[in-house]
Amino acid sequence: MITLDKNSYKGTRDFYPEDLRVRKYIFAKWSEMLESFGFDEYATPLLEPLNIFAAKSGEEIVNEQTYSFEDRGGRRLAIRPEMTPSVSRLIAARRQELAYPARLYSIANFMRYERAQRGREREFWQVNADVFGDDSIYADAEIVYLADKSLRKFGADKSMFEIRINDRHLIDFIMKEYLGLDDGKTRSLMKLLDKINKISDADFNRQAEIIFGQATGSILPRVRSLVDAKTLDMIPQKVQDSAEFKRVLDLFVLLEELGVETAIFDITLMRGLDYYTGVVFEVFDLDKNNNRSMFGGGRYDGLVGLFGVEPIGAVGFAVGYTTTELFLQNHKLLPKFKNETDIYIALVDQNCFKAAFELAEKLRGEGRPIELDSRDVKLDKKFKTAEKKGIGKMIIFGETEAKSGEYEIKELSKSKP
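Residues 0 to 416 in numbering that gives the first Met the number 0 are what the sequence shown lists, from first letter to last.
None of these hints come from the bench; they were simulated from the model. Among these hints, one or two may not hold up.
To be verified - Subject to a maximum C-alpha distance of 25 Å in a straight line, what follows is the list of computed SDA-like cross-link-like pairs (lysine to any residue): (1) Lys377 with Val347; (2) Lys23 with Lys377; (3) Lys157 with Ala207; (4) Lys175 with Ala207; (5) Lys157 with Met32; (6) Lys157 with Leu332.
Claimed, not checked - What follows is a set of in silico ranges between Cβ atoms, one per label pair, in the way DEER data are often shown: (7) Lys197 with Asp134: 51 to 61 Å; (8) Lys23 with Gly304: 18 to 28 Å; (9) Ala27 with Ile209: 44 to 54 Å.
Every residue gets a Cβ at the ideal spot worked out from N, C-alpha and C, and that includes glycine.
Generate coordinates for the entire structure from the input sequences, incorporating the hints supplied.
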């Protein structure tokens, strides 16, 4: 006899009813927030042609993390590892028909083959929110505002998280105009800066020497001056004089006017995905037990154009469910959830099943969730079942109740036999 494994596939999770109550709560908050800002919900297939991710998602995601296969028709497909290429395809398919700016959001599941660990799963859920057709800095500011609000919606305050912001245009200016790097060295330095918080200063300097070679002595001090700049006014003057820097400065002024107190400038923030073209940001939990990047987003103006239509400006962000759940748990922001069933009807005479069922239907018609337990077991077992499920009210239903049509709703804690 074969014994099947009772555990879910590594990196995925089962959602028992108590887990799903938390998930439904978080999803509902996300939907409520985004719909209040005029976002419309959409959905796309779980499977997509592999090439839409290969085009711009980056080699690591496509070559190492994507669940891909060939279907029976010889087509190369992938279980979506992210939503941005899919929603860009969605926009491209109706490029001329949609009203702009198009504000779209979805709550969906994704899969990436990566090492499963706390806060990182192979199957994960997230909300994606994107604005298409608005190239302005105001759209960028609103998306960052929504990222801030997505945590404040649950009761978080500014001491709990921060939003680190950079800009790809500014990065390009720094790499080419301020540091004088070619494309190859630019890509190498961006990858190095992207992991600066995960390596020691000595490792950083050693890897920088490999990139810069004989020019290390002149370039590395300028790189260090950028890395050590914790505020915008600490950035070297040559960079401050650029149009790219002024746009970033304008964004921070806007965010301050909108009341976003969690935004900080971080020149080392790169965001690994290749398709970002402007502002990029990540939201970090400041709790010492979960001090990590939770989610992020940015501007990606070129992706829709890859589908053979005229390019369109786009900016958005995605929030993962698991990182949000951990954040709310760590900061004690989750409410207590209970079984939504209002009344548990314990049938003590199976000959009265029809009458009990009719009572349950009558109460359901009044908008009250009802569970009818018609098992032929002792009453104390039914009490234990109701208690275990967390249902607070009970009707004990038998011949007397069936004949009279009268019944008593008991508080379970006061009704134990």
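Going through the earlier hints one by one, which of them does the structure break, listed in rising order?
2, 3, 7 and 8
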